[in-house]
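Please model the entire structure based on the sequences and the hints provided.
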Amino acid sequence: MLQFAAIILLMLGLYGLLTQRNVIKIIISLNILEIGLNLFIISVGYFEGGLAPIFTSETPANPNFVDPLPQALVLTAIVIGVGTTALGLALARKIYQKYGTLNLDEMGEN
Amino acid sequence: MKNFLALLAALGLGVLIILSLQNNTLFNEYGEDVTGRDSEEYGDREYGEENPASGPANIVTSIVADFRSFDTLGEITVLFVSSLGVALLLGGTKQKRLDLGFHPNFMLRIGSKALFGIILMTGVYVTIHGHLTPGGGFPGGAMIASSMLLLYLADDTFRAKIKGFKILESVAGSLYVLIGIAGLFFADYFLENFLNNGVVGDLLSAGIIPLIYVLIGLKVGSEISGVIDNFLTEEVV
Chain L
3 MLQFAAIILL MLGLYGLLTQ RNVIKIIISL NILEIGLNLF IISVGYFEGG LAPIFTSETP
63 ANPNFVDPLP QALVLTAIVI GVGTTALGLA LARKIYQKYG TLNLDEMGEN
Chain F
52 MKNFLALLAA LGLGVLIILS LQNNTLFNEY GEDVTGRDSE EYGDREYGEE NPASGPANIV
112 TSIVADFRSF DTLGEITVLF VSSLGVALLL GGTKQKRLDL GFHPNFMLRI GSKALFGIIL
172 MTGVYVTIHG HLTPGGGFPG GAMIASSMLL LYLADDTFRA KIKGFKILES VAGSLYVLIG
232 IAGLFFADYF LENFLNNGVV GDLLSAGIIP LIYVLIGLKV GSEISGVIDN FLTEEVV
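Line order of the protein sequences matches chains L and F. With the working numbering as the guide, the letters of the first sequence map in order to residues 3 to 112. With the working numbering as the guide, the letters of the second sequence map in order to residues 52 to 288.
A few of these clues could be false.
Said to hold, decoys possible - Straight-line C-alpha distance at most 20 Å; calculated SDA-like pairs for lysine to any residue:
(1) L:K96 - F:T144
(2) L:K96 - F:L140
(3) L:K96 - F:F282
(4) F:K145 - L:R95
(5) F:K214 - F:T284
(6) L:K96 - F:V132
Hints in this document: simulated from the structure, not taken from any laboratory.
What follows is the structure, given as structure tokens:
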């Protein structure tokens, strides 16, 4: 079921990217798209009743851990997402300083 | 009309993904256990084992900071480049705090300073225990930066000494590369874990992995703090 939540988030993000004209809203859509993708990658490694992949004193002899590799990949993807979002927001602030608006349709007259 | 086309495109994307997953073995055959996947090899140790092949109790950490450590080096380089880009776009020589149009009262200023220490210590704790518990350098660094954000938001004249953050960031990044090069001298390849792995589950275990994760935490924390400072200041005109 987790995959369907991820697919809904992917669709929402794509819809937002295609329809919104506000720079901030485009960046938010990009983030929703990215969260959907991350959730999808995580859901590949998840199964019902799996343990978190950490060895503790209470871990049973043959533990059924969830797949740790997608989690490690998503950790990378989240950090890259933070970087791109910060850069996008900095660009948005510069755009607002230059044009006085964040709407793409209202730019370009001056 | 445009919104309708966008809706069609989004629905088309969803239908394509669902159709492509229908006959996929990814979810059916391997649905029950990690057995049979490539990742099975990563968990080849148990709690309390002495000097295992791969150190940390947290398997995700062992992938991020041991098996794929070179990848992580590239990842923090990406974060570094993006913080450089933000500084290039928003930074300047003479800067002052952005006027947010709100003045915090006495209670908020004093209370935030008390809370600052707790958040900072939580971030440091999460960073140091990255090889034993959930978390690690990246979330811990984000927590350290969030304590700086609290100080910025609760005091409208506060500015961190951003030069110190830059020095901390460069030192942490350089030490990461130096540890990697030390692997070339004391062992066989770049970023090899050349220290003793110790006992799985101890704080001082897993060789160079806690060192690397603490350095990553310091680097990420100072980079995001620099980004916060860039966003909350403006150039004096």
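### Query
So which of the earlier hints does this model not fit?
Violated hints: none; all satisfied.
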